[in-house]
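The listed protein sequences derive, respectively, from chains F and E. The opening position of the first sequence corresponds to residue 15 in the numbering used here, with each subsequent residue numbered one higher. The opening position of the second sequence corresponds to residue 15 in the numbering used here, with each subsequent residue numbered one higher.
If you are wondering where the hints come from, they were derived from the structure by calculation, not from laboratory data. Only true hints are included.
Each pair may be met inside one copy or between any two copies, as identical chains are not told apart.
List time: in silico EDC-like cross-link candidates among lysine to aspartate or glutamate, alpha-carbon distance up to 16 angstroms: (1) K155 x E120; (2) K457 x E47; (3) K319 x D154.
A quick note: this is a predicted structure, and the numbers were derived from the prediction, not measured.
Protein chains: 2
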Amino acid sequence: MGDNFLYLTKIGIDTYQHAIVFMRRDCHVCRAEGFNAMTRVRVCTDKKSINATLIIVSEDFLSHQQAGLSDTAWDMLGAEEGGIAQFSHAPAVDSMSYVRGKLYGEALTNEMANAIVGDIKEGNYSDVQLAAFVAACADDKLSLAETIALTQAMVESGERFHWSPEIVLDKHCVGGLPGNRTTPIVTSIIAANGYLMPKTSSRAITSPAGTADTMETMTPVTLSFQHMRDVVEQQGACLAWGGSVSLSPIDDIVIRIERALDLDSEGQLVASVISKKVAAGSTHVLIDIPVGPSAKVRTHAAAEKLSHHLFETAAALNLTVETLITDGNQPVGEGIGPSLEAIDVLAVLRNKKNAPNDLIERSLQLAARLLRMAILDGPVESLEFYYQLAKQTLESGAAYEKFIDICHAQGGFTEPELALYKQTLFATESGIVSFFNNRFIAKLASLAGAPNAPQAGLKMHVRLGDKVEKGQGLLTLYAQAQGELDYALEFYQRHPEAIQINKEIL
Amino acid sequence: MGDNFLYLTKIGIDTYQHAIVFMRRDCHVCRAEGFNAMTRVRVCTDKKSINATLIIVSEDFLSHQQAGLSDTAWDMLGAEEGGIAQFSHAPAVDSMSYVRGKLYGEALTNEMANAIVGDIKEGNYSDVQLAAFVAACADDKLSLAETIALTQAMVESGERFHWSPEIVLDKHCVGGLPGNRTTPIVTSIIAANGYLMPKTSSRAITSPAGTADTMETMTPVTLSFQHMRDVVEQQGACLAWGGSVSLSPIDDIVIRIERALDLDSEGQLVASVISKKVAAGSTHVLIDIPVGPSAKVRTHAAAEKLSHHLFETAAALNLTVETLITDGNQPVGEGIGPSLEAIDVLAVLRNKKNAPNDLIERSLQLAARLLRMAILDGPVESLEFYYQLAKQTLESGAAYEKFIDICHAQGGFTEPELALYKQTLFATESGIVSFFNNRFIAKLASLAGAPNAPQAGLKMHVRLGDKVEKGQGLLTLYAQAQGELDYALEFYQRHPEAIQINKEIL
Numbered sequence: 015m016g017d018n019f020l021y022l023t024k025i026g027i028d029t030y031q032h033a034i035v036f037m038r039r040d041c042h043v044c045r046a047e048g049f050n051a052m053t054r055v056r057v058c059t060d061k062k063s064i065n066a067t068l069i070i071v072s073e074d075f076l077s078h079q080q081a082g083l084s085d086t087a088w089d090m091l092g093a094e095e096g097g098i099a100q101f102s103h104a105p106a107v108d109s110m111s112y113v114r115g116k117l118y119g120e121a122l123t124n125e126m127a128n129a130i131v132g133d134i135k136e137g138n139y140s141d142v143q144l145a146a147f148v149a150a151c152a153d154d155k156l157s158l159a160e161t162i163a164l165t166q167a168m169v170e171s172g173e174r175f176h177w178s179p180e181i182v183l184d185k186h187c188v189g190g191l192p193g194n195r196t197t198p199i200v201t202s203i204i205a206a207n208g209y210l211m212p213k214t215s216s217r218a219i220t221s222p223a224g225t226a227d228t229m230e231t232m233t234p235v236t237l238s239f240q241h242m243r244d245v246v247e248q249q250g251a252c253l254a255w256g257g258s259v260s261l262s263p264i265d266d267i268v269i270r271i272e273r274a275l276d277l278d279s280e281g282q283l284v285a286s287v288i289s290k291k292v293a294a295g296s297t298h299v300l301i302d303i304p305v306g307p308s309a310k311v312r313t314h315a316a317a318e319k320l321s322h323h324l325f326e327t328a329a330a331l332n333l334t335v336e337t338l339i340t341d342g343n344q345p346v347g348e349g350i351g352p353s354l355e356a357i358d359v360l361a362v363l364r365n366k367k368n369a370p371n372d373l374i375e376r377s378l379q380l381a382a383r384l385l386r387m388a389i390l391d392g393p394v395e396s397l398e399f400y401y402q403l404a405k406q407t408l409e410s411g412a413a414y415e416k417f418i419d420i421c422h423a424q425g426g427f428t429e430p431e432l433a434l435y436k437q438t439l440f441a442t443e444s445g446i447v448s449f450f451n452n453r454f455i456a457k458l459a460s461l462a463g464a465p466n467a468p469q470a471g472l473k474m475h476v477r478l479g480d481k482v483e484k485g486q487g488l489l490t491l492y493a494q495a496q497g498e499l500d501y502a503l504e505f506y507q508r509h510p511e512a513i514q515i516n517k518e519i520l
Numbered sequence: 015m016g017d018n019f020l021y022l023t024k025i026g027i028d029t030y031q032h033a034i035v036f037m038r039r040d041c042h043v044c045r046a047e048g049f050n051a052m053t054r055v056r057v058c059t060d061k062k063s064i065n066a067t068l069i070i071v072s073e074d075f076l077s078h079q080q081a082g083l084s085d086t087a088w089d090m091l092g093a094e095e096g097g098i099a100q101f102s103h104a105p106a107v108d109s110m111s112y113v114r115g116k117l118y119g120e121a122l123t124n125e126m127a128n129a130i131v132g133d134i135k136e137g138n139y140s141d142v143q144l145a146a147f148v149a150a151c152a153d154d155k156l157s158l159a160e161t162i163a164l165t166q167a168m169v170e171s172g173e174r175f176h177w178s179p180e181i182v183l184d185k186h187c188v189g190g191l192p193g194n195r196t197t198p199i200v201t202s203i204i205a206a207n208g209y210l211m212p213k214t215s216s217r218a219i220t221s222p223a224g225t226a227d228t229m230e231t232m233t234p235v236t237l238s239f240q241h242m243r244d245v246v247e248q249q250g251a252c253l254a255w256g257g258s259v260s261l262s263p264i265d266d267i268v269i270r271i272e273r274a275l276d277l278d279s280e281g282q283l284v285a286s287v288i289s290k291k292v293a294a295g296s297t298h299v300l301i302d303i304p305v306g307p308s309a310k311v312r313t314h315a316a317a318e319k320l321s322h323h324l325f326e327t328a329a330a331l332n333l334t335v336e337t338l339i340t341d342g343n344q345p346v347g348e349g350i351g352p353s354l355e356a357i358d359v360l361a362v363l364r365n366k367k368n369a370p371n372d373l374i375e376r377s378l379q380l381a382a383r384l385l386r387m388a389i390l391d392g393p394v395e396s397l398e399f400y401y402q403l404a405k406q407t408l409e410s411g412a413a414y415e416k417f418i419d420i421c422h423a424q425g426g427f428t429e430p431e432l433a434l435y436k437q438t439l440f441a442t443e444s445g446i447v448s449f450f451n452n453r454f455i456a457k458l459a460s461l462a463g464a465p466n467a468p469q470a471g472l473k474m475h476v477r478l479g480d481k482v483e484k485g486q487g488l489l490t491l492y493a494q495a496q497g498e499l500d501y502a503l504e505f506y507q508r509h510p511e512a513i514q515i516n517k518e519i520l
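The shape of chain F in the complex, shown without the other chains (with noise of 0.2 angstroms):
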């Protein structure tokens, strides 16, 4: 099949993380094997080979020489303008009779993990084929052993960070509870304390904000593999982006399918988490599980069945795994979006006298149980010993001149910026405040343009069990476009059970 190339060229087309190629109908490759528009087909140019689907265009597009590709398969193939590709059927990826097996009732052992896992890896998948492996692991379908199996499946087909002290501590926090950012405050803690935390944090996907982002508007936080190495060596620590090491790879792969069918998977969860935790070189983890109405775990039982589930995934990984059940049920400190939490973490570290109480408390909370879980030998003295001692670190300065060490370390230091526009929305009655809807809330700040426009989002100006009057300020909402405010105060109106008030009865 010599003849079946075609000249390469970037149509210039997003279609984010799918491979795309565009042919027409009637050149000679499209009719000798017999392809459809959505056909699976196999691009394999002298260097590399990848999987895409197919598009019929017409001739105002393309020449019968060429196929177009998008811009993801241009990047996957590292294809060259004019260069020559072959085309053939994409054979049948393996790993799905596997996916297949699954859904029929077997169990995934290792090797069907790791053969499915790197299939994904190397976009072999098409987005209906994750669909059904994400469907196939949905809710509680992955048993424990399966759950380990893709975990150490995950962990193998990415890079792993080897560290070299025994304790090298880490968090997380489980599910968006908005405002929640204690990380830059427990990392500066625990840093200033002499122990090893290189904290990697995502950006926000569908909330308002992510540790990534938050700490960007403060310092750098792309930093190259080696950078973020010294930054460690240096300081302790690091407050960085995870995103340009590749440490598991299919994980947003298969986030972005279960957002899109809106699917909760324990099982995927649990090994999202870990794998992420092991690949990082992490030998101590604190997990934060907020349990509330609009959390994304619901219950108290759920937060304990998914504790027992991540400590044993993690144990037969050889790590350390500490579960913290929190209080779910309403946004954390005052600011949701990237500047306005940068502006309640920087509170915090400096002491001043109007930080967020809770933001305070928790970040003590999650800091006095990591402070406990490093001491490997000798005595362990109570949780309260340890409490006082993050408190101590936090209230002396330590913690604060530890943070703008480490931010130096990644490039700099700068203050978080307030954004342009700001809208105050009032009570319309008096009451109790007696119900956060923390998603409409999310949602909100995300409308009014968090996290693009860093500077975005909302402050809260009231807690549950608080007393307002008619007319009192609720929220203030900010924006850097006055459309964009427009945007959020709209869906503001049409969800204004966002905050629940309920009438004081007198």
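Since the structure of chain F is provided, determine the placement of chain E on it from the hints.
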């Protein structure tokens, strides 16, 4: 949001069943709505609304005031060049919560099945969501009650035929057994005996021929609904393509995803078959279930289980079903491919000496059972009685006469054409024919060009148990182009195990 409109243009892109919208990243709608590549968007004209997937294109393709639509999107929307449409994020597809529920272990009710089927029919489900639904129904995951609910929902979502007589006969074959083209023969026998059998059939999707393809080599099959009714009124039967009338419209959509995943679902299969028969207005259906190691149904036990499922589901919808478990070990007749199968069918109907015996026998067995099913009151004779009746109808020429009359009523009769190129494949050693891989044999015929080239396919020269000499012809490939013949030859060289010959044990 009155400004969020763009001018529509048909961009000349074929994405099969998918509705795709193309937009520039810098167009005002994209920015205002916060669209990204692969976002699901809602497209609204003043007449219609559809969901589509967004692809971001560079400036070369569109003006910043335009939105380009793929062919499918264009047709679904009933768009006009230069017309305007508004764009917004596609709303969450409500019925997907039922799919998630099913994945989480909750049973599908009638209401849920209706909602899901309704949304799929409207094109609201993305492929990823369809895949989740198919996975949720995979294997045995649908209970009998759920299968009935799904079947009912599928019936109600499309057109439905009604015929006057009390008895409307129909048949179906589960899974493709190459060459098993009994329908034209059976229908002719039944109609010649005065019963109604308004047969609509499908075209091949992955196999070398469907009944509609085979019939089309002899007579028009794309009949309008009115023409079909006229034919049936005149002749008591038709042999038409079912695709022009929308019976059970989500069937093709679901089947496309099942094929992409190579995933079987017994519940979906039953719902697919039964819903089509109920929608077609049939009252009595005979279902042929070929069983064999390379057939769709692999064991007798599996066939019994499927039989029961079909029977019970049909009963719940007031449809009378009988099943016949047949031998699926080898192709039926000699020809595989539209024209070649038509030649076999005509040989049987014309009582030619060389007509394939297995095709005759299967047709008579099926016709006998249908004739017996048709007796509603009064004594039912033995199966042997109806077998002889069927045989007599065939041998007297009455069946052939009816067949020709049906063809003339549909628009005329033509002899099927032979292909331009042929090549015989010979046994490389002596022995006994011991195994046919039906899938590979069907694939050979497809590669030779069937059904796109209706004259293409292959002709079998041997059957299981035949003694063959080295150099004896096993099968002959037929193609309309040398290239296609070569393609099939090359496949056979790579898969000679398509036909296995055991050396004689002397």
